[in-house]
Amino acid sequence: MTSTSPTRRPIEFRNISIGTTVAMLGETRPDLLADALHKMLGGRPDFFAGEATILDFSNLTARPERVDWAGLLSLFRRFQLQPIGARALPAEFIETARRAGIALLDDVGEIGREAPPPERPVRAAPPPPPPQPATPAATTMFIERPVRSGQQIYAQGGDLVLLAGMSSGSEVIADGSIHCYGPLRGRALAGAQGNERVRILATNFGPEIVAIAGTYRTFENGIPQVIAGKAACVLMTEADRGNSLTIEPLQLD
Amino acid sequence: MTRVVVVTSGKGGVGKTTTSAAFASGLALRGFKTAVIDFDVGLRNLDLVMGCERRVVYDLVNVVSGDAKLNQALIKDRQCENLFILPASQTRDKDALTEEGIEQIIKDLGEMGFDYVVCDSPAGIERGAVLALIFADEAIITTNPEVSSVRDSDRILGILQSKSRRAAESKEPIKEHLLITRYSPKRAEEGEMLSYTDVQELLRVPLLGVIPESESVLHASNQGTPAIHLKGTDVGEAYLDVVARFLGEERPMRFVNYDKPGLMKRLFGGK
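Chains A and B are the protein sequences, given in the same order.
Mapped onto my numbering, the consecutive letters of the first sequence carry residue numbers 1 to 253.
Mapped onto my numbering, the consecutive letters of the second sequence carry residue numbers 1 to 271.
Any given hint could be a false lead.
Dumping the calculated SDA-like pairs for lysine to any residue here, alpha-carbon to alpha-carbon at most 25 Å [claimed, not checked]:
1) B/Lys171 / A/Lys230
2) B/Lys69 / B/Lys175
3) B/Lys186 / B/Gln104
4) B/Lys175 / A/Gly158
5) B/Lys76 / B/Leu247
6) B/Lys163 / A/Gln80
7) B/Lys175 / A/Lys39
8) A/Lys230 / B/Leu202
9) B/Lys171 / A/Ala164
10) B/Lys175 / A/Lys230
11) B/Lys163 / A/Arg145
12) B/Lys171 / B/Met1
13) A/Lys39 / A/Gly158
14) B/Lys33 / B/Ser148
15) A/Lys230 / B/Phe268
16) B/Lys171 / B/Gln104
17) A/Lys230 / B/Leu247
18) B/Lys175 / B/Phe268
Some chain A residues flagged as far from chain B (calculated, every beta-carbon gap over 10 Å) [what the hints assert, rightly or not]:
19) Val147
20) Ser168
21) Asn221
22) Ile247
23) Asp253
Calculated directly from the structure, the hints in this document are not laboratory data.
Owing to the predicted nature of the structure, the values given are computational and were not obtained by experimental measurement.
All residues carry an ideal CB built from backbone N, CA and C; glycine is no exception.
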């Protein structure tokens, strides 16, 4: 039966928009990036789960002499991220990027293939640099059963609500906030993609470690009495930024 | 419809085999045709506890590999009419077991008219333990009232949710039951051990029963008699309560209260 119906063609091209993780690089040296990633992820090489990643070069602090593509690619893959393309790449690296198999994404209307302007940092200002990755409309993930020791839950692109608490030895990660109804034991990491304006809320606070956007806090000396086992909220205030976290009691009624 | 019940724990030495033997016997005493399978390949104990170690001809590995038929390997229990034991192999190792092989055995047991199949899991979370729980409809999580046992039980609960067939096929999840074993009300009262309410709060699974710490268990396994047959002992009675609750009957929780002995008793002896 000769086919004219579209479903029978061996290949079709479509255009879709996907939410992808963007890695804003301030640095291109793989060794420095490796250090930073290691610190940021608290020594967990399997924090990411093989997501596609766009390497964004608009935040570079200094113009590099060369870009070690092979080193960069293998570094990201080691951390379970799959670089699929580059954005805001200085024009002199376009050729080497192509040869390394990196797609050039010009969606923000930056350099592309035109004559490169010498002042890179100035160019970075006009196009809006989005620190938040382009995610689809944020959805909330609900977990109805207790999160058991050894389990790991990742709520990508949104908030996470635990309706039955989590046990010690388990780990929950969310790009948004974490809301825990029930005992919060184990590790709770919010703002996983770098969003500092998220919170961790719990009705029964007792975690091993909490983190917001990579800044974490452990409780080796015990959890303060005022919040231990009670309703509490973890947040990053302006004063905290990048350094510490604030934990305050939550008034339930 | 055959119900598959796995007796598991994560932690070793908490009372899985003792419980599998007692529980399976209890179901058989109630008139249900019951099979109890030892999944601890290479370290078999169920046959000892059931008192049939001298009657083992073929075992689970033989059946899975096709060397023997299921009805050749099943051993009829001498104390309970409806109870059959499928022992583990002692000489082979767990790699000899396959998921398909176990699936076929459970299917065949169903066709033979068994009401319940009790799977005695080995300790740990590796292959043997996973094979024991993979086809389970219900699970009895055996826990001692101390922290490492509770954490391991929590771990195995996570594995029950993720690695079972019911999870893989998005069917109704395995029904979980908490069984606390080796419980000492005195030590719980004195704060040395967790109380049964502490354990229940930590694991958040419905409590099926509490089996008290008792010398009777050692006597029972030495004799090759499942603990439930010890009439009048605390352990025997506790296991009878467990079977009753499993079958939907209400029973008050016994052997959980510590009554401090009065002054006279403390002065003049007595426990």
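Verification of the hints:
no.	hint	in the structure
1	B/Lys171 / A/Lys230	violated (35 Å)
2	B/Lys69 / B/Lys175	violated (31 Å)
3	B/Lys186 / B/Gln104	violated (46 Å)
4	B/Lys175 / A/Gly158	violated (31 Å)
5	B/Lys76 / B/Leu247	holds (23 Å)
6	B/Lys163 / A/Gln80	holds (24 Å)
7	B/Lys175 / A/Lys39	violated (41 Å)
8	A/Lys230 / B/Leu202	holds (16 Å)
9	B/Lys171 / A/Ala164	holds (20 Å)
10	B/Lys175 / A/Lys230	violated (30 Å)
11	B/Lys163 / A/Arg145	holds (15 Å)
12	B/Lys171 / B/Met1	holds (16 Å)
13	A/Lys39 / A/Gly158	holds (23 Å)
14	B/Lys33 / B/Ser148	violated (35 Å)
15	A/Lys230 / B/Phe268	violated (47 Å)
16	B/Lys171 / B/Gln104	holds (20 Å)
17	A/Lys230 / B/Leu247	violated (38 Å)
18	B/Lys175 / B/Phe268	violated (48 Å)
19	Val147	violated (8 Å)
20	Ser168	violated (7 Å)
21	Asn221	holds (20 Å)
22	Ile247	holds (23 Å)
23	Asp253	holds (22 Å)
Checked against the numbered hints above, the structure violates hints 1, 2, 3, 4, 7, 10, 14, 15, 17, 18, 19 and 20; every other hint is satisfied.
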